[in-house]
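**Student:** Sequence:
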Amino acid sequence: MATDVHQHIWPPEFLALLRSRTAPPRLDGWTLHLPGEPPYAVDPADHDIAARTRLARADGLDLALVSLSSPLGIEYLPPTEAAPLLSAFHDGALDLPAPFGVWASACLTTPEPDTEALRRELVRGCVGLQLPATALLDAAGWDRCAPLLDVAAEHDKPLFVHPGAAPAAEPTAPAWWPALVPYVQQLHASWFAFRAFGRPRHPDLRVCFAALAGLAPLHGERLVARGGGRDRGRVDYRAFYETSSYGTRAVDALVRAVGIDVVVSGSDRPYAAPVLPDLGADAAVHALRHANPARLLGPTKGARP
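If you're matching positions, the sequence shown starts at 0 in numbering that gives the first Met the number 0 and goes up one per residue.
Since the hints were made in silico from the structure, they are not lab data.
Using N, Cα and C, we set each Cβ at its ideal position, and we do this for glycine too.
You may find that some hints are simply not true.
To be verified - Computed Cβ-Cβ distance ranges for the label pairs, DEER-style:
1. His32 to Ala145: 18 to 24 Å
2. Pro83 to Gly279: 46 to 52 Å
3. Ala82 to Arg225: 41 to 47 Å
4. Ala272 to Pro77: 31 to 37 Å
5. Gly35 to Arg143: 19 to 25 Å
6. Trp29 to Ala167: 21 to 27 Å
7. Pro77 to Ala145: 19 to 25 Å
Sequences and hints are given; from them, build the entire structure.
**Tutor:** Have a look at this one:
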């Protein structure tokens, strides 16, 4: 199936709950207010289910995976605030028509991770677990999230690492600052933390990093120079990288670092349009849109092709 592993749609009940809030994250009409970003004018068409279904079909997709927008910070709200928002998102997203599928999300402020809630959403049909990169920046983060990752592994489901909420920017910062600085920094740090702490704890877990993991794998030469790259030549065939907001140059560079078998197509629609990089062969596009997403999501446990 032609697959886009990274899109966002806010179902109607989820939108209503965001509008009922008096503190960020909240919607005032169609203006989104977040603690670390300037007010953002949401286009209603971006969350029109019929329009998005037509758009996905026009993109030639057989499967488009939607997820909670982790920069909203919902995973870090108090449990009594997070629970209804998460329920509304999961309920509405699971009711979306084809070609949409859903990543599950979890509240991260409970004393212990709510593994039963995650198990319930996976059983209901979510394709895997999404966590914000901010939850996975160090050994402590991977350790705290380990029970959730164990549930994903138990159900043979992958993890999707998505940028989390951005810290408050300087008033003079341009509108693109969160997407280009804190989001990339989070992904970069979470990838190195995964390499150092996550993979040893979860050797069989399939993991996909949004936005090419902030291009962290391109630092292999520096990793070797600093003493952390003894296995630099080995490719982790259970660690995947999705392409949202990047084009041919960045994707080609990452393919040279990790190989084409672990790169998957993602758009981050509606915040970015899909880009099919020109890698010189139709087989490369087929790998990104068809073969590699199937290994990420399917029952093969990411075995080397």
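**Student:** Are Ala82 and Arg225 spaced within 41 to 47 Å by their CB atoms?
**Tutor:** holds, 43 Å
**Student:** Regarding His32 and Ala145, is the given constraint of 18 to 24 Å on their beta-carbon distance met?
**Tutor:** violated, 33 Å
**Student:** For the hint 21 to 27 Å, verify it against the beta carbon of Trp29 and that of Ala167.
**Tutor:** holds, 23 Å
**Student:** Confirm or reject the claim that Gly35 and Arg143 have a C-beta distance inside 19 to 25 Å.
**Tutor:** Since the Cβ atoms of Gly35 and Arg143 sit about 22 Å apart, the hinted range of 19 to 25 Å holds.
**Student:** Assuming the hint says 31 to 37 Å, is it satisfied by the Cβ distance from Ala272 to Pro77 or not?
**Tutor:** holds, 36 Å
**Student:** Could you say whether the range 46 to 52 Å given as a hint is met by the Cβ separation of Pro83 and Gly279?
**Tutor:** Given about 49 Å between the Cβ atoms, the range holds.
**Student:** Is 19 to 25 Å right for how far apart the beta carbons of Pro77 and Ala145 are?
**Tutor:** Since Pro77 and Ala145 have Cβ atoms about 22 Å apart, the given range 19 to 25 Å holds.
This entry does not satisfy hint 1, going by the numbered hints stated previously; all others are met.
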